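For the sequence shown, my numbering begins at 47 and goes up steadily by one.
None of these hints come from the bench; they were simulated from the model. Note that this is a predicted model, so its numbers are computed, not measured. Careful, some of the hints might be misleading.
[Claimed, not checked] List time: in silico BS3-like cross-link candidates among lysine-lysine, alpha-carbon distance up to 30 Å:
(1) K122 - K175
(2) K175 - K189
(3) K122 - K170
(4) K114 - K175
[Stated by the list, open to error] Here are the in silico distance ranges between beta carbons for each label pair:
(5) Q106 - R79: 36 to 42 Å
(6) L195 - P165: 29 to 35 Å
(7) D144 - E78: 21 to 27 Å
All residues carry an ideal CB built from backbone N, CA and C; glycine is no exception.
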Amino acid sequence: MPSRSRLRSLAVAVVSGALIAPTAQAVELYPERRRAGLDVLSREMSTCAAYFSLLSSIVQNSSGPGAKTESAERIKSTGQAMLVQSINIANHIGMGNDTVMERVRASLEEMVQTVNADPANSLKVMHTKYGQPCDELLQSAPKRFADLLEPQRDDF
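Please model the entire structure based on the sequences and the hints provided.
Next up, the structure:
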């Protein structure tokens with residue numbers, strides 16, 4: 047029959063193991079959470095790349111002042127930068143360029159459906175659904191990216 051001290055040591059070991067196991071699991075899950083966060087960021091950037099591309103085309107083809115070409119180019123340039131960053135992030139987590147391009151294509155298709163569903167209000171709807179979030183993403187993406195790449199923190 048085991049002695050009391052052995053039973054006590056065994057109990058302490060079991061309790062310690064039970065307390066340490068969740069921490070070990072959290073450490074193991076962190077890379078997957080980081081990867082998922084980067085995937086979300088890449089997806090959002092793909093959507094915004096599509097939005098800026100569509101917006102650039104709309105501005106370029108609209109009637110109005112001559113400065114539209116400059117505005118359209120600036121918008122297009124923003125969309126291209128978003129696309130490049132989306133691809134870079136996707137590549138960083140092991141996804142190919144085709145995945146990002148498919149996301150852009152699907153986003154453009156959804157945007158065209160949104161515009162066609164309510165042409166009279168499409169500008170307002172597009173701005174609310176895509177424009178505002180994309181403008182916010184332009185500001186927040188660098189910090190979000192840096193935070194996701196930062197070594198593990200005690201935020202569990």
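- When you check the alpha-carbon spacing of K114 and K175, does it fall within 30 Å? Within the cut-off at roughly 23 Å; holds.
- Given the hint that K122 pairs with K175, does the C-alpha gap stay at or below 30 Å? With Cα atoms ~19 Å apart, K122 and K175 stay inside 30 Å; holds.
- Message: Hinted pair, alpha-carbon criterion (30 Å max): K175, K189. Please report holds or violated.
- Response: Holds - the C-alpha atoms of K189 and K175 are around 22 Å apart, at most 30 Å.
- Item | C-beta pair Q106, R79: status relative to the range 36 to 42 Å that was hinted | holds (41 Å)
- Query: How does the Cβ-Cβ distance of L195 and P165 compare with 29 to 35 Å: does it lie in that range?
  - Reply: violated (42 Å)
- Could one say that the CB atoms of D144 and E78 fall in the range 21 to 27 Å? holds (23 Å)
- Item | Satisfaction of hint between K170 and K122, Cα-Cα up to 30 Å | holds (20 Å)
Consistency with the previously given hints fails for number 6 only.
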